[in-house]
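> Sequence:
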Amino acid sequence: MKILKQTRKLIAIFLMVTFLMPSIYSCSDNNVNYLETNQYEKESEGIINAINNYNNSQNSQAFRANSNSVITQQLVDEYLVLLGFSSGELLASDVDNIVTTQLQGRTYNELMQDYNLSSFARLSLNEIKDGAFLDDLVNNPDFQNLSDNEKLIVSLSNSFMDAHRGSGHTIEEATGALIGIIIGAACCGFLGAIGGAIIGALIGGGSK
Numbered sequence: 479m480k481i482l483k484q485t486r487k488l489i490a491i492f493l494m495v496t497f498l499m500p501s502i503y504s505c506s507d508n509n510v511n512y513l514e515t516n517q518y519e520k521e522s523e524g525i526i527n528a529i530n531n532y533n534n535s536q537n538s539q540a541f542r543a544n545s546n547s548v549i550t551q552q553l554v555d556e557y558l559v560l561l562g563f564s565s566g567e568l569l570a571s572d573v574d575n576i577v578t579t580q581l582q583g584r585t586y587n588e589l590m591q592d593y594n595l596s597s598f599a600r601l602s603l604n605e606i607k608d609g610a611f612l613d614d615l616v617n618n619p620d621f622q623n624l625s626d627n628e629k630l631i632v633s634l635s636n637s638f639m640d641a642h643r644g645s646g647h648t649i650e651e652a653t654g655a656l657i658g659i660i661i662g663a664a665c666c667g668f669l670g671a672i673g674g675a676i677i678g679a680l681i682g683g684g685s686k
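Residue 479 is where the sequence shown starts when you use the numbering used here, and the numbers rise one by one after that.
Treat the hints with caution; some may be incorrect.
[Claimed, not checked] Below, computed lysine-lysine pairings styled on DSSO-like, alpha-carbon distance capped at 30 Å:
no., residue 1, residue 2
1, Lys607, Lys629
2, Lys520, Lys607
3, Lys520, Lys629
Since the hints were derived computationally from the structure, they do not count as laboratory data.
Using the sequences and the accompanying hints, generate a full structural model.
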């Protein structure tokens with residue numbers, strides 16, 4: 479497996495989100511309806527809080543140490559045990575695939591080229607990235623014509639960036655979160671988008 483910049487940090491982030499995601503949100507049909515009409519405000523605050531909790535944790539400094547390392551099962555097991563889980567609960571190959579092929583080194587512009595998003599979704603995401611807040615999305619006819627996945631991506635991105643403005647976090651973290659939302663939603667739907675936002679923000683914050 480290839481040697482990666484900030485490998486240890488990426489493994490820590492991946493494991494944290496993989497195992498702590500059920501505690502962040504439990505998804506039901508009623509919750510999905512609530513979230514769509516309220517533009518994911520609660521979840522956006524949850525993403526910000528998760529980033530803060532990670533950055534403030536005692537383990538975060540250890541996670542960021544020794545940045546150049548090969549992803550091995552021994553290294554993955556080390557973090558599993560550190561997070562309170564048993565060795566072998568996650569394969570090194572799975573972690574390597576996520577951090578090398580999905581998030582590592584992806585820029586926002588590259589991602590927009592790679593994903594087949596509708597013109598309205600692309601326009602909305604670009605406006606959100608540039609600092610705009612899109613009011614009353616759910617009543618916009620163009621928004622209603624989006625696929626469920628694109629509605630999720632646009633709404634969550636819109637709410638996250640609004641919450642980000644007063645959070646004190648960097649633009650690199652915000653852009654990383656947008657990348658993570660798109661990748662996560664395409665891969666795993668709602669929970670993937672939330673997890674992707676957290677992972678993307680932390681990776682983006684470490685790249686500045």
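> If a hint holds in the structure, say so; if it does not, say that too.
Evaluated hints:
1. With a CA separation close to 16 Å, the supplied pair lysine 607 and lysine 629 stays within the 30 Å bound.
2. Taken as a hint, the lysine 520 and lysine 607 pair is honoured in the structure, with Cα atoms around 20 Å apart against an allowance of 30 Å.
3. Taken as a hint, the lysine 520 and lysine 629 pair is honoured in the structure, with Cα atoms around 17 Å apart against an allowance of 30 Å.
Of the numbered hints listed earlier, not one is contradicted by the structure.
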